[in-house]
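Residue numbers (full-length UniProt numbering), protein chains in the order written: chain L, 1 to 485; chain W, 1 to 485; chain H, 1 to 485; chain D, 1 to 485.
Keep in mind that a hint or two might mislead.
Because identical chains share one entry, a pair is satisfied inside a single copy or across any pair of copies.
[Said to hold, decoys possible] In silico SDA-like links for lysine to any residue, alpha-carbon gap of 25 Å or less: (1) 413 <-> 374; (2) 354 <-> 267; (3) 199 <-> 378; (4) 355 <-> 217; (5) 167 <-> 131; (6) 355 <-> 268; (7) 199 <-> 320; (8) 371 <-> 404; (9) 371 <-> 220; (10) 371 <-> 291; (11) 438 <-> 223; (12) 354 <-> 311; (13) 371 <-> 420; (14) 408 <-> 395.
For the record, the hints were derived by calculation from the structure and aren't laboratory data.
These are the residues of each chain, in order.
Protein chains: 4
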Amino acid sequence: MLTTHPFDDDHLHEECGIFGASGSEGAAALVALGLHALQHRGQEAAGITSFDGRDFHTHRAMGHVAGNFDRDDVIRALAGDIACGHVRYSTTGETALRNVQPLYAELQSGGFAIAHNGNISNAMRLRRELVRRGSIFQSTSDTETIIHLVATSQYRTLLDKFIDALKQVEGAYALIVMTPDGMIACRDPLGIRPLVMGKLGDTYIFASETVALDVVGATFERSVEPGELVIVQNGELRSIRPFDQVAARPCIFEWVYFSRPDSIVDDHSIYSVRKNIGAQLAIEAPVEADLVIPVPDSGVPAAIGYAQESGIPFELGIIRSHYVGRTFIQPGDKVRHLGVKLKHNANRALIQGKKIVLIDDSIVRGTTSLKIVQMMREAGAAEVHMRIASPPTRHSCFYGVDTPERAKLLAAKLDLGGMTDFIHADSLAFVSIDGLYKALGEAQRAEGRPKYCDACFTGDYPTTLTDHDESSAIDQLAMLDERVN
Amino acid sequence: MLTTHPFDDDHLHEECGIFGASGSEGAAALVALGLHALQHRGQEAAGITSFDGRDFHTHRAMGHVAGNFDRDDVIRALAGDIACGHVRYSTTGETALRNVQPLYAELQSGGFAIAHNGNISNAMRLRRELVRRGSIFQSTSDTETIIHLVATSQYRTLLDKFIDALKQVEGAYALIVMTPDGMIACRDPLGIRPLVMGKLGDTYIFASETVALDVVGATFERSVEPGELVIVQNGELRSIRPFDQVAARPCIFEWVYFSRPDSIVDDHSIYSVRKNIGAQLAIEAPVEADLVIPVPDSGVPAAIGYAQESGIPFELGIIRSHYVGRTFIQPGDKVRHLGVKLKHNANRALIQGKKIVLIDDSIVRGTTSLKIVQMMREAGAAEVHMRIASPPTRHSCFYGVDTPERAKLLAAKLDLGGMTDFIHADSLAFVSIDGLYKALGEAQRAEGRPKYCDACFTGDYPTTLTDHDESSAIDQLAMLDERVN
Amino acid sequence: MLTTHPFDDDHLHEECGIFGASGSEGAAALVALGLHALQHRGQEAAGITSFDGRDFHTHRAMGHVAGNFDRDDVIRALAGDIACGHVRYSTTGETALRNVQPLYAELQSGGFAIAHNGNISNAMRLRRELVRRGSIFQSTSDTETIIHLVATSQYRTLLDKFIDALKQVEGAYALIVMTPDGMIACRDPLGIRPLVMGKLGDTYIFASETVALDVVGATFERSVEPGELVIVQNGELRSIRPFDQVAARPCIFEWVYFSRPDSIVDDHSIYSVRKNIGAQLAIEAPVEADLVIPVPDSGVPAAIGYAQESGIPFELGIIRSHYVGRTFIQPGDKVRHLGVKLKHNANRALIQGKKIVLIDDSIVRGTTSLKIVQMMREAGAAEVHMRIASPPTRHSCFYGVDTPERAKLLAAKLDLGGMTDFIHADSLAFVSIDGLYKALGEAQRAEGRPKYCDACFTGDYPTTLTDHDESSAIDQLAMLDERVN
Amino acid sequence: MLTTHPFDDDHLHEECGIFGASGSEGAAALVALGLHALQHRGQEAAGITSFDGRDFHTHRAMGHVAGNFDRDDVIRALAGDIACGHVRYSTTGETALRNVQPLYAELQSGGFAIAHNGNISNAMRLRRELVRRGSIFQSTSDTETIIHLVATSQYRTLLDKFIDALKQVEGAYALIVMTPDGMIACRDPLGIRPLVMGKLGDTYIFASETVALDVVGATFERSVEPGELVIVQNGELRSIRPFDQVAARPCIFEWVYFSRPDSIVDDHSIYSVRKNIGAQLAIEAPVEADLVIPVPDSGVPAAIGYAQESGIPFELGIIRSHYVGRTFIQPGDKVRHLGVKLKHNANRALIQGKKIVLIDDSIVRGTTSLKIVQMMREAGAAEVHMRIASPPTRHSCFYGVDTPERAKLLAAKLDLGGMTDFIHADSLAFVSIDGLYKALGEAQRAEGRPKYCDACFTGDYPTTLTDHDESSAIDQLAMLDERVN
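So here's chain L without its partners, still in its complex pose (with noise of 0.2 Å):
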């Protein structure tokens, strides 16, 4: 068996999302309505805690959120005012149900649940200390790592613990944190992901994005700020920034393809971004061409934005099946060398003998860029040109996105030459790291001193990687090792 769809692994894929809700009746129902709204950000996974004020109540699940918290009764045994849940790709850790978020344990202070989106950057380091000194592990979850730093710290207060904690983990974290006195919500130092805050009546809501506000009807208010806790206890928001300040440093791919396109992040519209980006590369990569055709659906603003600045019409010229979920498998042998089309079918009578400007937002393994163009051809195009609304992939990420070893991108073994070759094209361009900044409103890429993490671009990662360097040697023996055998 080989799962069908062509063209859905060649992307980098953001690991999670995270929604609380504080102060509501049925907390729990609003958390999977938010859940749902975030399914993008991680579709393996759902869970969701709630606190009726005496017991925790935990519901975890494999797969989507409809179908499985969308039940009546798992939302009534999701009792309480307060509840918070989450969506995953699995980063670090098996997909098992016990690595599922939020993860809870009862510690002397009692419940603590969690939910996380990001990565720890020094977790099995901290991991192997941990147990040295006895404590055991549940998952194989780098978040339970902070949950272990709470339980053993020395400090008095479960907020003081808490922030102990956090001083010790190095990388990429949005928080939502639940405790019989209340709930936290809190973004690391560098604000690398994304979390927002908003308001519905007297409830207060956090969100990986805004889109989830809206579904629910909440109003926006803020984002969490880099280095900031908030806290909600018996209906009152404080907040405290416990970290030596530094320089924001939020992951510029959520722009390019992570977020939902009706989200704001940080004051940018997703959708008026790409739309930007699209525009700039018609600027820094025309071409003639009779029409402009998006890789759906992903690809479709920047389209609009390339169509809108060339004047070349924007057309449907791939058809993305509704029905193609993660799930479907191909039947049989046989079947596999047909060609098949399950997820993408080009529009044959549209395309025959046109020049046309595809366009995706970015190439990772270039394995879809090339079925794509391929399918194009044999579809009848005159000229392929393929245009990308982001600049080459050439490093991995190491905060919470899915991203494949460096030894597998596209862009890390092959210049533009070898790309456009890989994927047959007549001619490829990518959007220039200067031009991605412009269509986020800035001048250029300020070398030093740059406003975004665009470490998968750049490779400048805005902090140390414990664990990486650690396990580099190790890698390399294995390496070696599995050479000589």
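Following the hints, put chains W, H and D in place on chain L, whose structure we already have.
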């Protein structure tokens, strides 16, 4: 519990898609792929029957093709070189597994499997007579009537029995039949429902739409013609036409909404016809506005046509979630009134302060249009003009399309002004019936001998409606009864 | 995988138990209890059909009554004052859900449900004729033949059609039928399979055995008589006898093994008949020994009878696990040869050095007896004498009992000496056929007009065997064929 | 819904059975068979952990061994030459999958799996202290305390850490532990719970009872001694005794009820001890009667002993259904009061008019005895004399046996006359405590230094009961509180 996708239900629904493959080892795998490409024609259930030269094998399941027919064990159990399948959206017959097609029976001549797209409009009368004579029905499906007519026919050969049966039924049918002798594909004399044939090597393929040929890599040969029986036996294909010839009347709604945009039906590309309708709308019902916004996804081609003809920019003002299938249930009571936007969300940053033209394919009850207009206003639209890419839907369909009773059709109850008020739009216009025929390349609708079945718009039914006429009296009594109580 | 209960398969198996209740709110709950008490008569599948005055409701499930029919939602869905049910061990007809009874059909007269214990011995011939005339069968069950005979009968009333059908069938049947007019319980003219009636308040109950009356708290009224139809309509009971009267021949094996020891069949307590057989065995085949040991649990009553008659102490020398149902599968290949004793284990401390008499109810293939004797020897028994509480089983049953083909019956292949050698016993004896009749209070078997059907011992079948006779030729050819290849 | 087996609940329940195999390819298959033979010691859940030299594999399931651990895929996934398993009836710890044993943790030294029969009577106090120091518990099981004690021990080797942990715990434990270095089996210093060892070829086997050795074909070697640790490493076996030696006190209830009759515990055959108790009862409490009737199945051996000693015939007056497992749920409200007899049914034909002696193994709450006596009277018994094959159960067990709180023990509330009245018997007698010791070959109970733990009869607990003593005050407050409200 209530379903939360507020816009899903305001469409006419094609009831079924069918697919057959004859002459290919592992035919069932091809059928699974083909059905997957036809999933938009019916999402409630699917089934495949194969014949291995000795035994027939059937697997039926509620739900989608993916998840049910993409498992190796299922496909392997469906052994044989010949197979056919069916996806359904319940028409007549409650949706239980025993109604899921292909239906199968052991007749004196051996196994007999049948997959049917359409509706037999005198099925109830025929059934009553068959039961009176001792036939025992297994399902509530109108299709089973055909099988019993074959079983009890006095003719000698299976083919003669089958033709005898078809001559007694009235209504719409595209059929794929399998017997130990081979496969028969046929369309009713008016050709109301579509059926095409293709080839993949030596394998003959039959399918409701060409997109299913594309997906399996087959070449499109031609349509099965109205009133034609195509018989594949021992790798040979022959065609017979046992009915009196009449002028064809294929369903015009296939171009409006049912078929996929990348399909070609009777030489007309669905996508370009839809764009034509949009352009025609821009000519018939122009408006001064800032943006043309499609109701996703079915309104997109007409919106592109409208935008290109009018010069008003095409923009994504409504974002559709990829994760709202048919199954999401709204959790909890309280959130029910929050105006949840699980399926569609306004792209607020784009719409605010703008005059917009909304393009949708059709209006059935009007409930969706009302909510969409309201959503646009809440997002700050200055004016909302609704344009519909089909004429007003005023009549029920009795040929295999799920339509509400007439009393629920908005256009059957209200005139244009009333409809405009109902949906709270600043203006509303439908394409004219002649405009629709123009989009299909005709000068206009030929009164008295129109080229298509357009009964849902005009009330001009191309066949008698025996069951409907007989039940009207009963229904009227029943309705009277309800009013009295 | 192999089943591990080595001793389970060496019994004839009663095929079915049936139970009906008419005139009690929530009748299905009574039926569930009744079927549970009849579970020993069939463990593969169960079903209940109820009628609520308007609709029939059916639930069928593979597996036991417990776990399937003890759920509130299942029972609540089986609404109505009248219900009947069935437990089955597959007879004719592969065991698929569609063969699980009660079978149901919608006839011109309305719904028709039927539960059947027995076997129609001319079902195949009748089926062929019905199919030739256009009837379509849903199952492979012989019982469905009766329904089609009713559906196609030329008589006017349902009752006349039903009697018309019964007059065409040959073989054994105890039936409970439900129609919108009420319940009909009947037995074939020879009364081969048992059926009793009882009352619980105003509720009429029909059941295969009295133990099912006990369990629901009903009083035993009388047996339904051979050839009698008992009709319950509007709370009234009436009886008709449409067949020519013949001498009854109830199945004698009900006393030997099928019925529960606490049931009373035709005025004879099963327990005391079995003790009588044991005592008779002690008289006919005495032996000098230290202990009388039953093969649990079916050998216990006869062992008590043997012990009391002989004065040799009764002891539990074989312990039966409570946790070996029909489903335990031996894990792994390697342990297959360890001589596992999952179901029975020797009470080694008791047996060592002793001369023992083993009592079992019957020998079919002899495989169990062989293993039991071996187990006793391995546990240190000095001598092992086997005594069997029925005559040698030499002939197949065609009346609803699962028997291996004759060639596999030990007693059909070997004489007493051969059998003794085969099971490695020091001695072996069966009760005589006259001894068996004595245990039932007769002086002896009345040659020519015996009071019971004892065909499995004597080969004296009380009916013609149409299907068997017709298929013999074919089978013989098939067997010949196998031998040649 | 209510459970319908009215007689199931009036027993003390052994909580667990454990089984380990070291040194056999496919060890898990042996463990599955062994656990199946120990199923009577715990039916709620089962688990197996194996070690393949590199990885530990665990499968846990609610329900029986059969149906969960007899599947090839399950057993194959439990790879390795060493495996241990556990069946449980919930003791401390709610029954959730995370409480099902073997428990597993990754310690600094590597994997650590543990299966435990018994109960740690100071687990709560130890847990509070461990949590205070930062340990996070995964389960509510008392067994997990041992793991955390090992994880946080300051000793250097795993064995020293394990002994350090055991020295801190109080109560009853038979343990099988697996580490990457091998298997450890041990019993608490008093040997309260049983544990035996056997050999099958080169494979070492540990099991709660000898019947599990029989079933896998292993020979019985000897009991693991109280306070002994048996270590199997690299195919070698060694034994250490790290505790101060004290006189053993094995649980006497193993002979009364827990162990299977075909097991031998500490050189005493369970079956013959039970017969001895029955004979002793006949001496201590004779009665003039017609029949001796066991309450099946646990009362059978004592009834045989009573019958042989008294000369009154042994008869099956109560028939037990084979098909009442733990799961049958009474369907519907109405039948609840019918006095259903799903599990046991009177053999009415035998009992009518007779004076009977009923033999049961013990009385806990008395509810079962009441119903059995009533059932005998309804079946027409002239006199009903109850004889119990153990002394009155007056005290709770804190060593891994499920006992109701003292206030619910019939013998803790009433004297003999009161109990006789409560169960409506004509007479009632229990075997004396000295009589029980006599059945085990002692002259009498040695006051001050009894050979067995008989605390449930005498209140003479062989250990301190830390948690119980600490919670008593709290419980008393809670009870007071309840009474006030």
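Evaluation of the provided hints:
1. 413 <-> 374: Result: close within a single copy only, 21 Å intra versus 51 Å inter.
2. 354 <-> 267: Cα proximity of residue 354 and residue 267: across copies only (20 Å, versus 39 Å in one copy).
3. 199 <-> 378: Intra 52 Å, inter 17 Å, cutoff 25 Å: inter-copy only.
4. 355 <-> 217: Answer is between; shortest inter-copy Cα gap is 24 Å, intra-copy 44 Å.
5. 167 <-> 131: Both: 19 Å inside a chain and 22 Å across chains, each within 25 Å.
6. 355 <-> 268: between (33 Å within a copy, 22 Å between copies)
7. 199 <-> 320: Classified as between; 24 Å across copies, 36 Å inside a copy.
8. 371 <-> 404: within (19 Å within a copy, 43 Å between copies)
9. 371 <-> 220: between (41 Å within a copy, 22 Å between copies)
10. 371 <-> 291: within (19 Å within a copy, 34 Å between copies)
11. 438 <-> 223: Classified as within: same-chain Cα gap 22 Å, cross-chain 52 Å, threshold 25 Å.
12. 354 <-> 311: both (16 Å within a copy, 22 Å between copies)
13. 371 <-> 420: within (13 Å within a copy, 46 Å between copies)
14. 408 <-> 395: For residue 408 and residue 395, only the intra-copy Cα distance (10 Å) is at most 25 Å; the inter-copy one is 57 Å.
Checked against the numbered hints given earlier, this structure breaks none of them.
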